[in-house]
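Novice: With the hints as constraints, model all of the structure from the sequences given.
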Amino acid sequence: MAAIVSVETLGKTYDSGFEALKGVSLAIEEGEILALLGPNGAGKTTLISTICGITRPTSGRITVGGHDVISDYRASRMLIGLVPQEITLEPFAKVLATVRFTRGLFGRPPDEAYLERLLRQLSLWDKRDAATRELSGGMKRRVLIAKALSHQPRVLFLDEPTAGVDVDLRKSMWQIVEELRADGVTIILTTHYIEEAEAIADRVAVINDGRILLVEDKARLMHQMGRKELTVELQAPIERVPEALGRYHLALGEDGRSLTYGYDRAAERTGIVSLLKDLSAAGLVIRDLQTRQSSLEDIFVGLVREEA
Amino acid sequence: MNWRAILTIYRAEMARAFRTILQSLIAPIISTSLYFVVFGTAIGSRIQEVEGVAYGAFIVPGLIMLTVLMQSISNASFGIYFPKFIGTIYEVLSAPVSFLEVVTGYVGAAASKSLLIGLVIYLTANVFVDLPVQHPLAALGFLILTCVSFSLFGFIIGIWAKNFEQLQLVPLLVVNPLVFLGGAFYSITMLPPVWQRITLFNPVVYLISGFRWAFFGTADVGVGWSLAAIGAFTGACLAVIWLIFRTGWRIRT
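Note that the protein sequences, when read in sequence, are chains A and B. Here the numbering used here is used: position 226 in the first sequence is 943, and no number is missing along the way. Here the numbering used here is used: position 192 in the second sequence is 186, and no number is missing along the way.
Since the hints were derived computationally from the structure, they do not count as laboratory data. Please read these numbers as outputs of a predicted model, since none were measured by experiment. We put the beta carbon where it would ideally sit given N, CA and C, even for glycine. All the given hints hold, so there is nothing to weed out.
Derived CB-CB ranges, DEER-like:
no.	chain 1	residue 1	chain 2	residue 2	range
1	A	Ala744	B	Gly242	26 to 36 Å
2	B	Ser92	A	Arg1009	48 to 58 Å
3	B	Gly242	A	Lys888	35 to 45 Å
4	B	Gln17	A	Glu895	37 to 47 Å
5	B	Leu167	A	Asp919	55 to 65 Å
6	B	Arg13	A	Ala744	37 to 47 Å
7	B	Gly242	A	Gly783	16 to 26 Å
8	B	Leu232	A	Gly758	38 to 48 Å
9	A	Tyr731	B	Leu1	32 to 42 Å
10	A	Glu896	B	Leu131	53 to 63 Å
11	A	Gln869	B	Ile138	36 to 46 Å
12	B	Leu1	A	Gly758	38 to 48 Å
Chain A residues, not near chain B, derived (Cβ > 10 Å throughout):
no.	residue
13	Lys739
14	Ser853
15	Ala961
Specialist: Below, the structure written as structure tokens:
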């Protein structure tokens, strides 16, 4: 698949001297959902703002749909919809009017049928004549999404769409993202909620301190780095791991009552069956078994720590 | 050119004005009427005539200019400052619009509003005094030029201002005194000679004088000077806006 957004060695140093981006390169494929994961201040918003034209790059080059965001900004911005992190709406403007405004700003001819479909999809149609200040926080965020989609962009940036949003709304936001993907919209979402990336992204990019640490298919990432652990609880404590079990590299718990075995879930043979056989051959009685899979969060924390 | 975007900004700004019609249209009319009562009636009963024009009529061009000037600045500065303040400016910055289109939309709307106010004041004045206009086209031209140039100036203030205090600062501390000392209520020939000289450094004098000439055919300074002054001011504003556009000053980080 061709990259719809291509970022090449992008650098951004603010007037204050703060270097927010240090040579970021990233290719976003058409139709995918990419989660841009990173702690606060990592450069997520700066990266998005630069692609969208709000922030000027210091160095590097960005194209959207093959159009340079500086020299061919009209063509590139036509393709982009942006949902900002902060809820910023003109308080007195009516919902439908403010969505129409955005569409007009992007130079698109009026299309009331499309806007009606959009507002219905976002459950905003009943509120179309309400002033935005009368809406709840979740509704306001939907209005921002409606504005971002009003000109039918092919790439949608969601900057922390679920920050400070309750669980129900977060789930419905994920639902909306899923529907948009079905419509063929490429979605880039920044978040510092790992679970969000885990739930909806196709690929994950981890950014920290202005650098991209990793870009990887989510499933493969969890597959590759997601080790599983099997913990065996013993009936009676032991002093040390019997020599016969040496090849399993077991870790003995502090109280001598548990043995932990790390394995690769994807491997042809996990070694679990033979381990259990050998345990009983060694005369150890098993009381309980637990398995645990490392989450994106573990991977993420590990990466960021490594970096530091 | 993204004409649709210009029209969209223009319409949204005009809609905002009509949403607050009391503040934007009725208030200037009331304050102008008060000027008529205070200056026209109270002082006019003592002054009678200035340069062959009844005092009540004499102050009309100055009054219109005064209001149009202040309204242009406040409309345009608020129009661009408000989205900056609440954060909705992100939308304009990420849309496929050039700075020229943004300026045209915002300044066009601000200028239209103050032009409308100017015309309404003119009509209101007709209720109070007999008001012939000798050069109607010139009067309209002066009025439109003033609306546009001071809306440009207001736009610059709106971009420059970092808070509401700064937004009010220039209109209150600079423009207000210049306007009141610009000969709105008197002819500068009524001043002592020294002050006549000093007053010539006030750009507003040229505006009001030119506008008054369009009404009555008499002026404090030559009409050519008036045109040159307003032309220079418009040019200066355009140059500053071009610089802002080039550097993204206080808009793009």
